[in-house]
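Take each chain as given, in its own frame, and dock them per the hints.
Each protein sequence line maps, in turn, to chains A and B.
Under the numbering used here, residues 193 to 339 are what the first sequence spells out, in order.
Under the numbering used here, residues 183 to 475 are what the second sequence spells out, in order.
Any given hint might turn out to be false.
Think about it this way: if two alpha-carbon atoms lie no more than 25 Å apart in a straight line, the pair counts; the simulated DSS-like pairs of lysine-lysine are [claimed, not checked]:
id, chain 1, residue 1, chain 2, residue 2
1, B, Lys275, B, Lys227
2, A, Lys228, A, Lys200
3, A, Lys200, B, Lys387
4, B, Lys206, B, Lys227
5, A, Lys200, A, Lys215
6, A, Lys283, B, Lys302
7, A, Lys228, B, Lys275
8, B, Lys302, A, Lys228
Quick caveat, the hints were computed from the structure, so don't treat them as lab data.
Just so we're clear, the structure is a prediction, and the values are computed from it rather than from any experiment.
Read off the chains here:
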Amino acid sequence: MALDKPYKDIPGTIIFDADQSRKGYHLNQFCMSLMKAENRERFKRDQRAYLDEWPMSEEQKQAVLDMDLNRAMALGGNIYFLAKIGATHGKSFQQMAGSMTGMSEEEYRAMMLAGGRSIEGNRHLGEDGDAQPQHQPQGQAGRKASV
Amino acid sequence: MAKITASVYTSHVPAIGAAIDLGKTQEPYWQPLFKGYEFSKQWMKDNKPDVIFLVYNDHATAFSLDMIPTFAIGTAAQFLPADEGFGPRPVPKVIGHPDLASHIAHSVIQQDFDLTIVNKMEVDHGLTVPLSLMCGQPDAWPCPVIPFAVNVVQYPVPSGQRCFNLGKAIRKAVESYDQDLKVQIWGTGGMSHQLQGPRAGLINKEFDNAFLDRLIADPQGQASVPHIDYVREAGSEGVELVMWLIARGAMDDVAGNAANSIATHAGSVRVRHRFYHVPASNTAVGHLILENI
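Isolated chain B, as found in the complex (with noise of 0.2 Å):
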């Protein structure tokens, strides 16, 4: 059976890939921030995964506005870093695992969250730069990635609590499989930030350190948060943090409250790492690890 070890989170902003591609980790600007994921790169030296789950915006760049899906599953055999404008990001293509990725929509889908399912496409900074924070800069990713999209750019975006639910969902996906495989779950972007108009630049320390306390002591309190609360309080693009909710719910503490299912077993879970800092460019960066216990 596979089985979900530990779910991390991290801000995913552009520019922090940019730092790493340009070689500017250790300048005064960026060292405060990198320092705060040396723990990091350790622990997933030490823990490594069979296959990432990692949950990300797409910021325009697999979808359009031809087509825009509130959450897409990535299923395909690899997945290449995407041109966003500067040209693609120097890092190893995105091995998928499409047998496990097709096996969770399979699950998912049966549980009445709507996925759909992408054979081909290209990932941005959202999916790369938290694994270039967590793995530094190798000739290859650890291990097998599964993309999952949310859209949170065009509104409506799902809310906290159908994000929360979803995790649920994903979590019994996994556990469903029968292959032994150890699954990292990983809920990126997010924190303060607002990229536009002249609110730019708003950032709420307050708002994302008792964020971080709920999302780790009381989650399900969280999920009740309705958008309006993130994009008032952690600027237009705060509201990425609902995806952190996805990540959380499939945490082994939560999982007796999972709908329609019967608690098998009710663990617990521990904090390895926490940081937060500002600034990185427009935002503030938030990292977290949990571990299933």
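This is chain A alone, in the form it adopts within the complex (with noise of 0.2 Å):
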């Protein structure tokens, strides 16, 4: 029988399942490897050589050297786990989050202290939200990364 996962229909939502957890494992043992200072400075030196040391494929390395984070939990990265990279390179949560959605920081930003997203059309895949496929990147960032 299938295993009920009722929340594969959320837009713009990755769940960390046992799936997830298991293509993401090097991955995310990389990024509990940053909780070390000596290991940030190894890393920040040279990105591409630390990352050598762990058996992650080359898509998830690639990722991590862009700072994709969408890209790299769609290859089974939990956002708790990358977000020690982020906090390797100086970034808040909030930028970190914010960069997930193609808007600039000052968007990101003025969103919340807006009073965040909105929930309406962004409950379900297929309504018409800013978080929904049809509607990324969001904010001009993403914008002008995409010309």
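Shown next, in the form of structure tokens:
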């Protein structure tokens, strides 16, 4: 019998379940290694060399090098683990979360100050809220990047 | 006999810890949030417990993907603040209560909840930010703290009903401890937040406030709400709210419903403080203090 996974139809959301965990094991364990200051220094000195010490896929390594967190999540990363890469680069959690929307830092911060993203249209895939696939990337930063 | 005197509920955002540690609490962005905890800090001084039983979630700190316990109780004599990537927070180390923690572990496991016993771990912002919000910046925390970590990171995560029932089991465990101790139980984390993907930044004030209403007045009903509702309505990390049900399940007014137990007294609960604010970094912040009377 199929397992119950009702969370597959939420727009812009990847739930970290046992399948994702298995896929992202080495990627996430690499992130854990950045909890030690000396590892953060080694990583910053030569990111590629540090990543090559881990049995991660080339795609996973490239997502880390690009700081493409959406890609890293799709490849099994978990946001609490990935946050340690951002911390290593001196980025706040808000900067990291914002980067996944395609908005500029200012746009994302302004959205939060205005009360955050609305739930309307963002409950199920197929609605028309701003988190739906047909509205990505959001904001100026994303539009520039996609030109 | 040890007794649960009150329960405290609060979100535990890392940026709040950073704001405290960097002296930014009076900045315009943060001032309204910290104002919501002024009552709470005074209340803590006036109602100092002997032990805090602190329910929180570890954020890929003590538990990597090597091992992820669903429920873990800290039985060590002390717990050091962890380096989450920015260096450890400059806060006091957490002094545990190994004897009471072991007693609770023993009792709760015998009530059919599988706890992982942890004799060595570091604690992250999930545990230290609530202490900072409630106690300020003292040289030492006001009393011993028993860390109780819940997995809300890797699915499946425990249901609201299981958390609520666990709270009842913790209550029974505390009440079977011989020493006279005043114990507070804290449920931390939660309120609308989504930290990932194109839906990042989701805030659902209606859902959050309805949760607070129901947590106070109808916790049994709230316990039956499935995960998917939290995730869909309050964001992928909004599911942390199930941890509040552990603290709520330990209060007097629901004791009569404890599985396999006979109610010895049916108490009632008083709301001492309620606060809600948007935003703190990516999240809404909710806070509640309930006392047994």
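Item to complete: For the pair we were handed, lysine 200 of chain A and lysine 387 of chain B, check the Cα-Cα distance against 25 Å.
Response: With Cα atoms ~24 Å apart, lysine 200 of chain A and lysine 387 of chain B stay inside 25 Å; holds.
Worksheet item: Regarding the pair lysine 302 of chain B and lysine 228 of chain A, is the alpha-carbon distance no greater than 25 Å?
Response: holds (18 Å)
Discussion item. With the threshold set at 25 Å, check whether the alpha-carbon distance from lysine 206 of chain B to lysine 227 of chain B stays at or below it.
Written reply: holds (23 Å)
Practice prompt. Please work out if lysine 200 of chain A and lysine 215 of chain A have their alpha carbons no farther apart than 25 Å.
Written response: Holds - the C-alpha atoms of lysine 215 of chain A and lysine 200 of chain A are around 17 Å apart, at most 25 Å.
Discussion item. Checking one constraint from the list: CA of lysine 275 of chain B to CA of lysine 227 of chain B, max 25 Å. Satisfied?
Written reply: Holds. Lysine 275 of chain B to lysine 227 of chain B sits at ~19 Å (cutoff 25 Å).
Worksheet item: Does lysine 228 of chain A pair with lysine 275 of chain B here, judged by a C-alpha cut-off of 25 Å?
Response: holds (19 Å)
Worksheet item: Does the alpha-carbon distance linking lysine 283 of chain A and lysine 302 of chain B stay inside the 25 Å limit?
Response: violated (29 Å)
Fill in: Straight-line alpha-carbon gap lysine 228 of chain A to lysine 200 of chain A, limit 25 Å
violated (35 Å)
The earlier numbered hints that this structure contradicts are 2, 6.
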